[in-house]
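Residue numbers (this note's numbering), protein chains in the order written: chain A, 67 to 307; chain B, 67 to 307.
These are calculated hints, taken from the structure and not from any lab test. Quantities reported herein were computed from a predicted structural model and do not represent experimental measurements. A virtual CB, placed ideally from N, CA and C, is assigned to each residue, including glycine. Be aware that one or more of the hints could be misleading.
As the list claims (entries may be wrong) - Label pairs and their calculated CB-CB ranges:
#: 1; chain 1: A; residue 1: Gly245; chain 2: B; residue 2: Glu233; range: 26 to 34 angstroms
#: 2; chain 1: B; residue 1: Glu183; chain 2: A; residue 2: Gly260; range: 30 to 38 angstroms
#: 3; chain 1: A; residue 1: Leu98; chain 2: B; residue 2: Pro214; range: 42 to 50 angstroms
To be verified - Covered stretches of chain B (chain A as the covering partner; in silico rule of three or more C-beta atoms under 8 angstroms from a C-beta of chain A):
#: 4; segment: 163–176
#: 5; segment: 240–247
There are 2 protein chains.
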Amino acid sequence: MRSPRLFVEDLREGAATVRLGPREAHHLGTVLRLGPGARVRVFGSAAGEFEAEIRALDRRGVELALLGRIRPPQPARGPDLWFAPIRRQRLEWLIEKATELGVRRLVPVVTRHTVVEPRRPERLRLIAVEAAEQCGRLDVPDLAEPRPLFEALAQRPAERPLLFADERGDASPLLAALGRLGTEAVDLLVGPEGGFSEEERARLREMPEVVPVSLGPTILRAETAALFALSVVRAFAETRP
Amino acid sequence: MRSPRLFVEDLREGAATVRLGPREAHHLGTVLRLGPGARVRVFGSAAGEFEAEIRALDRRGVELALLGRIRPPQPARGPDLWFAPIRRQRLEWLIEKATELGVRRLVPVVTRHTVVEPRRPERLRLIAVEAAEQCGRLDVPDLAEPRPLFEALAQRPAERPLLFADERGDASPLLAALGRLGTEAVDLLVGPEGGFSEEERARLREMPEVVPVSLGPTILRAETAALFALSVVRAFAETRP
Chain A
67 MRSPRLFVED
77 LREGAATVRL
87 GPREAHHLGT
97 VLRLGPGARV
107 RVFGSAAGEF
117 EAEIRALDRR
127 GVELALLGRI
137 RPPQPARGPD
147 LWFAPIRRQR
157 LEWLIEKATE
167 LGVRRLVPVV
177 TRHTVVEPRR
187 PERLRLIAVE
197 AAEQCGRLDV
207 PDLAEPRPLF
217 EALAQRPAER
227 PLLFADERGD
237 ASPLLAALGR
247 LGTEAVDLLV
257 GPEGGFSEEE
267 RARLREMPEV
277 VPVSLGPTIL
287 RAETAALFAL
297 SVVRAFAETR
307 P
Chain B
67 MRSPRLFVED
77 LREGAATVRL
87 GPREAHHLGT
97 VLRLGPGARV
107 RVFGSAAGEF
117 EAEIRALDRR
127 GVELALLGRI
137 RPPQPARGPD
147 LWFAPIRRQR
157 LEWLIEKATE
167 LGVRRLVPVV
177 TRHTVVEPRR
187 PERLRLIAVE
197 AAEQCGRLDV
207 PDLAEPRPLF
217 EALAQRPAER
227 PLLFADERGD
237 ASPLLAALGR
247 LGTEAVDLLV
257 GPEGGFSEEE
267 RARLREMPEV
277 VPVSLGPTIL
287 RAETAALFAL
297 SVVRAFAETR
307 P
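In isolation and in its complexed conformation, chain A is listed as follows (with noise of 0.2 angstroms):
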């Protein structure tokens, strides 16, 4: 079996013990039921993954020690994807499915037929953060605040492209898409369930880092359309050199 693996988020390389909560007390304690001595494995975005061994333990925190280094840190590399705010249950889906697909950034942006619904920061944090644990990443996906998406647009570097996926036929398949692009540094864009209304998409395709996208034959919801566009830029990073 795996080490278990546990995100702290300001882990440094020269720290010879880090302190955990009880979120992380309960998960090595009662759930997996390890205790002093047991081994486990800590990571942060800026100073890799190490080798810990459990020191100490109760309901409060854990006490570990760090071992040594197994793992350098990797800048992250996966696209930014952002999307139109979604119900919770399919948000929470969302965010754990993009984290163990290698997303950047999660970017929520207002459309025009989207609500926003009532967030709680700390839970959906805490999906990302136990994604990450999980599936072996160095890092925790941001999750940025909603915001207006031409307001944050005018914002984003305009060098990268945005695959923006459009419900319209005339839009070149993704993956051909990124063929043509030559490189796997792109972020997405994924719209409500009802669309972007007219006038986003004139404005959208106007901007000259936006590249309209077709994801297929079928219509996917939107939390299914974000984890295919994120797959298959996945899968093409993997074909590169």
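Knowing the structure of chain A, use the given hints to seat chain B on it.
Okay, now just chain B, sitting in the frame of chain A:
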């Protein structure tokens, strides 16, 4: 707004009217607040898709008049997904998403490291039906009964490649394997959370139709692996003539 779509198991082209049960009556009458005269669409894998009009509707059912065919039937072309059964909520989610992404048939197989939970076939079938109605496909994927892996494999046509998601590092990326095979006419095999046993892996790798493939740098949960693989096959098929 698109007209609502309803799957009709035994739809025949020559029929003048179709009678559906309480589920469809509830959906049309109570959820969508439609009544006699409203237009809907009905579809079935053998007959294609038809424009229809509500003639009568009460709690027990709805009667529709078929007005004319708007799409001919299409052969189901997506991959079969072979997978080890997973826990209920994740299984339901897998069925919904796999249906949207075009899976032809869902084939649960029992491996060394899986426990089969009790299934509720009617509920699982309903999830597939609703996903098919929503996404625009003309058929509903088949849901096979769980069977032991090698017993089921022995009865599978050996000409069709079976892409096997192998956790070991030496398999080539899924998209590269598809490119080498030069066809999207493949099936997919995704293992249980605990992975395949060494003996299972060795037996799989001996089968000439089995092609081990890698799904990328992070470890995907069983249902994420399935959706990733279906997405990549769909994207690959879209770029083919």
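Tested hints:
1. A:Gly245 / B:Glu233: 26 to 34 angstroms: At 28 angstroms between Cβs, range holds.
2. B:Glu183 / A:Gly260: 30 to 38 angstroms: Holds - the Cβ-Cβ distance for Glu183 of chain B and Gly260 of chain A, about 36 angstroms, lies within 30 to 38 angstroms.
3. A:Leu98 / B:Pro214: 42 to 50 angstroms: The hinted range 42 to 50 angstroms is violated for Leu98 of chain A and Pro214 of chain B, with Cβ atoms some 31 angstroms apart.
4. 163–176: holds (count 4)
5. 240–247: holds (count 4)
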